[in-house]
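Build the full structure now, drawing on both the sequences and the hints.
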Amino acid sequence: MHNIVVSGGSGAIGSAFVDELVRKYPHARIHSLSRSPDTRVPEGVQWLQVDYLDEESLHAAAEQVAKEGAVDLMIVAGGILHQGDMMPEKSLRDLSAEKLLALFSANTVAPALTAKHFLPLLPRDRRGVFAALSARVGSISDNHLGGWYSYRASKAALNMFIRTAAIEIRRRNPQAIAAGLHPGTVASGLSQPFLRNVAPDKRFPPQYAVSRMMEVIATLTPADSGQCFAWDGSLIDP
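Heads up: the sequence shown runs through residues 4 to 241, numbered per the working numbering.
20 angstroms max Cα-Cα, derived EDC-like pairs, lysine to aspartate or glutamate:
{"no.": "1", "residue 1": "Lys-70", "residue 2": "Glu-59"}
{"no.": "2", "residue 1": "Lys-70", "residue 2": "Glu-58"}
{"no.": "3", "residue 1": "Lys-205", "residue 2": "Asp-235"}
{"no.": "4", "residue 1": "Lys-119", "residue 2": "Glu-58"}
{"no.": "5", "residue 1": "Lys-102", "residue 2": "Asp-88"}
{"no.": "6", "residue 1": "Lys-27", "residue 2": "Asp-75"}
{"no.": "7", "residue 1": "Lys-27", "residue 2": "Glu-218"}
{"no.": "8", "residue 1": "Lys-119", "residue 2": "Asp-75"}
{"no.": "9", "residue 1": "Lys-119", "residue 2": "Asp-57"}
{"no.": "10", "residue 1": "Lys-205", "residue 2": "Asp-145"}
{"no.": "11", "residue 1": "Lys-93", "residue 2": "Asp-145"}
{"no.": "12", "residue 1": "Lys-27", "residue 2": "Glu-71"}
{"no.": "13", "residue 1": "Lys-119", "residue 2": "Asp-54"}
{"no.": "14", "residue 1": "Lys-102", "residue 2": "Glu-92"}
{"no.": "15", "residue 1": "Lys-119", "residue 2": "Glu-59"}
{"no.": "16", "residue 1": "Lys-119", "residue 2": "Glu-71"}
{"no.": "17", "residue 1": "Lys-119", "residue 2": "Glu-171"}
{"no.": "18", "residue 1": "Lys-27", "residue 2": "Glu-46"}
{"no.": "19", "residue 1": "Lys-205", "residue 2": "Glu-218"}
{"no.": "20", "residue 1": "Lys-119", "residue 2": "Glu-66"}
{"no.": "21", "residue 1": "Lys-70", "residue 2": "Asp-128"}
Calculated from the structure, these hints are not laboratory results. Please read all numbers here as calculations on a predicted model, not as lab measurements.
Structure (structure tokens):
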């Protein structure tokens, strides 16, 4: 791989992706995108400040990245589950427009707009991958517990977007791959309030989750485009 982009590179999983990619591809040009300045970007990684809901900002970042050539791998690692006093809903009584809009903006709209500007940068003459972090709870068929309305719906919408984008890009770029990735329960700020309900052997450090997802990415083929895979390579049903 020659040109790699990590969107959300300042988060727990995003920064672990950056570190792993620097180790795995020391000669690649790696770009880390984030809203706020990232003080821990490894040496040699280009940091770009991006507002994911501002298309001019995304366009400028894509133009900068494109100067290095086609994008071999694009990882979208951003998203939110909770924010401040805003926690996942336990029942319909907890639902609000504020929560729905906040989670859809971060988990669906931002990745979708990122894809709009970066999917066209995947190479035409070889395999290229666009991978966005999704979640198993975004599976409609796998939802047996209920709750978490905004998060579930925003991830389900992301999965549908990935599927739809994969169909379109396949028509003009048969080697391109667009897929969702479920990292498992990662010990991070996103999952911290809920870790007490997760068995210790089911909590993954970011580095472990990223190394497993990189293994999944390495196995993806164009036939897998449009689908969502867990960290262990298993297919997540829509």
